[in-house]
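Using the sequences provided together with the hints, build the complete structure.
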Amino acid sequence: MEIKYNKEDTIVMSDFHLGSNKSKSKEIVKFLAELLKVPPKRLVLAGDVFELWSTNYKKIEDHEHRVITLVAQLSEQGTRIVYIPGNHDRAFWAFSKFTFGKIKMRNEYVVRHNHHKYLVMHGDEFDAFTRNHVVISILLDQLYVLLVKLNAFIRFFSRSRKSLSAEKHSKKYAEMVSKIRNLALSYARSRKLSGIVIGHSHWPEIITEPDGIVYANCGDWIDSCSYIVIGDKVHLEYFRE
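Everything in the sequence shown is counted per the numbering used here, starting at 2 for the first residue and increasing by one.
Because the hints were derived from the structure by calculation, they are not lab data.
Do not take every clue at face value.
Restraint ranges, calculated between C-beta atoms of paired labels, are given here [unchecked claim]: (1) LYS38 x SER171: 36 to 42 Å; (2) SER191 x HIS116: 15 to 21 Å; (3) HIS236 x PRO211: 17 to 23 Å; (4) TYR239 x LYS193: 29 to 35 Å; (5) LYS173 x LYS38: 40 to 46 Å; (6) VAL111 x ASN183: 30 to 36 Å; (7) ASN115 x LYS172: 37 to 43 Å; (8) THR209 x GLU109: 19 to 25 Å; (9) GLY102 x PRO211: 40 to 46 Å.
Virtual Cβ for every residue (Gly too), placed ideally from N, Cα, C.
What follows is the structure, encoded as structure tokens:
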């Protein structure tokens with residue numbers, strides 16, 4: 002496996018959703034173990050690291066505890082750790098101005114590299130529905146989990162191969178992602194930044210606008226196992242064994 006970065010780069014990851022059945026925590030463990038071989042300058046965890054919306058927590062597995070241990074070990078090796086809470090782990094918002102040991106808790110974080118400034122946020126700030134209708138969003142999330150289970154059951158007894166996860170790329174979802182992207186870019190321009198990196202939508206992509214501003218979404222560790230590298234260039238990568 003190859004992870005493309007230099008030791009002076011910043012790695013941005015988000016949307017682990019640890020504690021849910023959806024999280025690819027074993028892949029996260031393998032990825033972080035690889036980072037330990039050549040610790041990067043900075044690791045930014047851009048929200049929804051933990052799944053705190055679920056009302057049906059499964060037992061936390063050993064490899065999920067290992068994720069936390071590996072992050073701590075990276076910190077001990079000199080990697081600067083920044084944790085930006087998202088909407089699924091919003092319980093940590095109250096600590097967003099605190100520093101615990103070598104781990105900074107922030108609502109947002111500016112990465113500076115070679116005179117460029119890239120703002121990292123979770124991204125729910127640009128999702129009006131999720132931001133303004135928290136309870137409804139949680140209920141819809143629970144409904145989605147139930148529908149995924151029901152859909153898997155139906156598919157088992159039918160010839161249909163279409164999964165609910167494929168609905169993420171429906172026209173309606175794409176429109177929502179586009180709105181978030183445009184709002185994020187407008188915000189970056191208003192603050193005269195070189196670019197903005199978010200998570201939240203589970204839609205990995207990187208776009209350079211005609212005016213040079215970079216928009217990047219680091220995706221998730223449920224489907225894509227993707228991350229953003231901020232260095233001499235900003236690039237999107239996928240973890241593959």
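Structure-based check of each hint:
Remark: the range hint 36 to 42 Å for LYS38 to SER171 is upheld by a beta-carbon distance near 40 Å. A C-beta distance of roughly 20 Å is found between SER191 and HIS116, which places it inside the suggested range of 15 to 21 Å. The hinted range of 17 to 23 Å is satisfied by HIS236 and PRO211, whose Cβ atoms lie roughly 19 Å apart. Taken as a hint, the range 29 to 35 Å holds for the pair TYR239 and LYS193, whose Cβ atoms sit roughly 31 Å apart.
In this structure, LYS173 and LYS38 meet the distance hint of 40 to 46 Å, their C-beta atoms being roughly 42 Å apart. At roughly 21 Å, the beta-carbon separation of VAL111 and ASN183 lies outside the given 30 to 36 Å, and the hint is violated. Range check, ASN115 to LYS172: about 39 Å between beta-carbon atoms, so the 37 to 43 Å window is met. The supplied range of 19 to 25 Å is met by THR209 and GLU109, whose beta-carbon atoms lie about 21 Å from each other.
The beta-carbon spacing between GLY102 and PRO211, approximately 43 Å, falls within the hinted interval of 40 to 46 Å.
Violated hints amount to a single one, hint 6; each of the other numbered hints is respected by the structure.
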